[in-house]
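So you can see what is in the structure, the chains are spelled out below.
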Amino acid sequence: MIPSDLRAMAEQERERQEGFRCRIMVCAGTPCLSAGADVVLETLRQGIAEGGLDAEIESVATGCMGPCSRGPLVKVRSRGKEIVYERVTSESARQILFSVVKGRRPPTVSPLPPDLPFLARQERVVLANSGSVNPERIEEYVAAGGYEALSHALHEMTPDDVCREVSLSGLRGRGGAGYPTGVKWSLARKAPGERKYVVANGDEGDPGAYMDRSIMESDPHRVLEGMALAGYAIGAEQGFIYVRGEYHLAGRRLEGAIRDAERKGLLGSRVLGSNFNFRIDIRTGAGAFVCGEETSLMASIMGKRGQPWHRPPYPAQKGLWGNPTLINNVETFAAVPAVVGRGAEWFAAIGTPKSRGTKVYALCGQVEIAGLIEVPMGTTLREVVYEIGGGIPSGKRFKAAQSGGPSGGCIPASYLDTPLDYESMERIGTIMGSGGLIIMDETSCMPDVASFFLDFCRDESCGKCAPCRVGTVEMHRLLRRITSGTATMDDLVKLEELCELVGTTSLCGLGMTAPNPVLSTLRYFRDEYVDHIRQRRCTAGVCTIAENPAPGAEGEALLHAMGVPGEVE
Amino acid sequence: MRHTDRQSDSSLSPALASDPRFTAVERTLKQYQYRPDALIEVLHVAQEAFGYLSDELMDHVARQLKVPLSRVYGVATFYHFFSLEPQGEHSCVVCTGTACYVKRSGEIVKRLEGEFGVKAGNTTADGKLTLSTVRCLGSCGLAPVVVLDGEIAGRNTPDSAAAAAHHLVAEGKPEKKPVAERPRRRGRRGGTP
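Chains A and B are the protein sequences, given in the same order.
Throughout the first sequence, residue numbering follows the numbering used here, covering -19 to 549 in sequence.
Throughout the second sequence, residue numbering follows the numbering used here, covering 230 to 422 in sequence.
The set of hints was computed from the structure by calculation and includes no laboratory data.
One or more of the hints may lead you astray.
[Unchecked claim] Restricting the straight-line Cα-Cα distance to at most 35 Å, the calculated cross-link-like pairs of lysine-lysine (DSBU-like) are:
#1 A:K444 to A:K474
#2 A:K284 to B:K357
#3 B:K357 to A:K244
[To be verified] In silico contact screen, one side only, chain B against chain A (beta carbon under 7 Å); selected entries:
#4 P265
#5 F310
#6 R364
#7 G367
#8 S368
#9 L371
#10 A391
Using N, Cα and C, we set each Cβ at its ideal position, and we do this for glycine too.
Chain A extracted, bound-state conformation (with noise of 0.2 Å):
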């Protein structure tokens, strides 16, 4: 396939859809399927083949809609106009083709407002596609004008140039961190070595986030484009897509798009006609949460356990095989062909100026819509949370936002108003991470959330490293003694030097991080613990606090012989 090629396959997919009457598009992404998609989308499919409509009505199965909470979704896209349904079911989804049909109005779906800020208040880069076309089909991502980027890059671009855009348009990390990805990819240009590879980061082990699987659901050639790219800029033939092991659909759709992209001659050798060849390999994760980080994640791919190697050197100089590589996640790889395709001012003009572009949040737990959100970098809380979210279910209060699953921090609500950016966040003591965004309200208690956190890292602690090994351990031991109102302050002041000592001296960053969680609680919410302590007292009422007053070392090492349920694991 040559670019003209390409243009072709794009205008005769448009000139396809265009003759249809009405396109209906079901949701198809986990959460919907979950609710029930799949028989929304056969009671459609059945319905037209019943009435002949074939010719004029398409019943397509797109990626994520968004507000996942709603699903299954269905939206009616017909002369320009676009209107969606929420909680759709068999009997509803007839009532939508008869209103198609029929022109009118279906007599009891009510379609969602148009100016639902859910939907309206988005800003959608790297979601662009998702939503609306068929993520099976290669030919509606190339007539949404996917590949344009790389057959431009290709053909009118040097590496250098790429690098350059990549660089310009401020693009950074998705993954968690923030590093500059222009930087990263110069490095990996620059690094010597006779073969380079570029593998995407789709493990996303954070609890509570699913921006990655989203985006690998519903438009994974987007992510094959964006590393396409990365390979050219870098000089590499090989990439690797990681994904997460519970990620079956995702997994699915990517080898359908691999596929399908290699017999178009987008991947494989001599892409576009150039002189580029790349191709793509998935490895599929097995359920580690370390292996999100790099140096885990390339032993993973190498059929090793996942546990990391010390750094420097790093991956972009000394990674898979020894050879230089490329790891970015697989939202900022999604970001990629919209910085090449429409240019680095373009990205850099939306966002603050520190952290540019849109950032796909996965907005869930106490909020009245939960679901996927892409909004510029720099939305305050109170938007996405009160705007975008609809606001606290049941009249209840907000109490915080945790940000950045077991590496992030509770965000509390006298820091509503604070944009979501790297550098404010950083600053108000926790991180953007993946962008898991997780509201919770009154009924959760904070202590107990530290615990839960730290469970899971003590859980998936990879055991290398004495620090994250034990400390871990040790640290959910004592906010278990707190949960349970067994603690004394000096457990409080063992729990905060623990921080301090996984958190400097650990290997990675699953150890370096796993305190965030507790000390950004503590910072704002030191009351809790302190109640827990002196007055034994849960005042959200999810601790259990024991019936007997706090045991001794010795009382508690005999609960401990004894089995007493609660206390150890």
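We have chain A already, so just place chain B on it with the hints.
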């Protein structure tokens, strides 16, 4: 003739060698040209085919990929996904991600543990049900989530989860909730069907 060499040095039992499920494993080994870095991919296929990784299977994979058995064992035990024990007839997985946790999925786990008399991560004595927990399935909008034999069921309560699990064990397949009966907005969540 590299391939036959490898076959001959394997101490594979005739029962396993003639098992039809075994062809998938052999195919994957061949597909990756017996490269040691394909270990995890091979184990994925083996577990999918057999349901768990038996000692014999691991031993075979070790020989075929020319890596020490200790490494195969190390990898198989390091990752949560792999299991060295046979799984129950049915599976019930409770999500314990943050969103589910905030919506009290811990109570669901406790309830199921009590109902079936088995600790999470284990199989009931009669081999009917394996109860396990998982770190976030990414269906956070539907929290708390329970997966029964691969079917995701969202917005659970301890009652609804226990009822669904009992149904699974009794009927042999997960209950398909008719979509029309899903609770509307702000309705009572879950409930015993």
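- Item | Agreement of hint S368 (chain B) with chain A interface, Cβ distance less than 7 Å | 5 Å, holds
- For the pair we were handed, K284 (chain A) and K357 (chain B), check the Cα-Cα distance against 35 Å. 33 Å, holds
- Item | Supplied contact hint for A391 (chain B), tested at 7 Å Cβ to chain A | 19 Å, violated
- Classify the hint on F310 (chain B) as holds or violated, based on whether any CB of chain A lies nearer than 7 Å to its CB. 4 Å, holds
- Query: Would the hint on L371 (chain B) stand, with a C-beta cut-off of 7 Å toward chain A?
  - Reply: Status holds, d = 6 Å.
- K444 (chain A) and K474 (chain A): Cα distance at most 35 Å? It holds: about 23 Å lies between the C-alpha atoms, which stays within 35 Å.
- Task: Using 7 Å as the Cβ threshold, decide whether R364 (chain B) counts as touching chain A.
- Result: 5 Å, holds
- Query: Regarding the pair K357 (chain B) and K244 (chain A), is the alpha-carbon distance no greater than 35 Å?
  - Reply: 48 Å, violated
- Message: Hint G367 (chain B) vs chain A: min CB-CB distance below 7 Å?
- Response: 3 Å, holds
- Task: Please verify that hint: P265 (chain B), Cβ, nearest Cβ of chain A, below 7 Å or not.
- Result: Since the shortest Cβ distance to chain A is 6 Å, the answer is holds.
Of the hints listed earlier, those the structure fails to meet are numbers 3, 10, in rising order.
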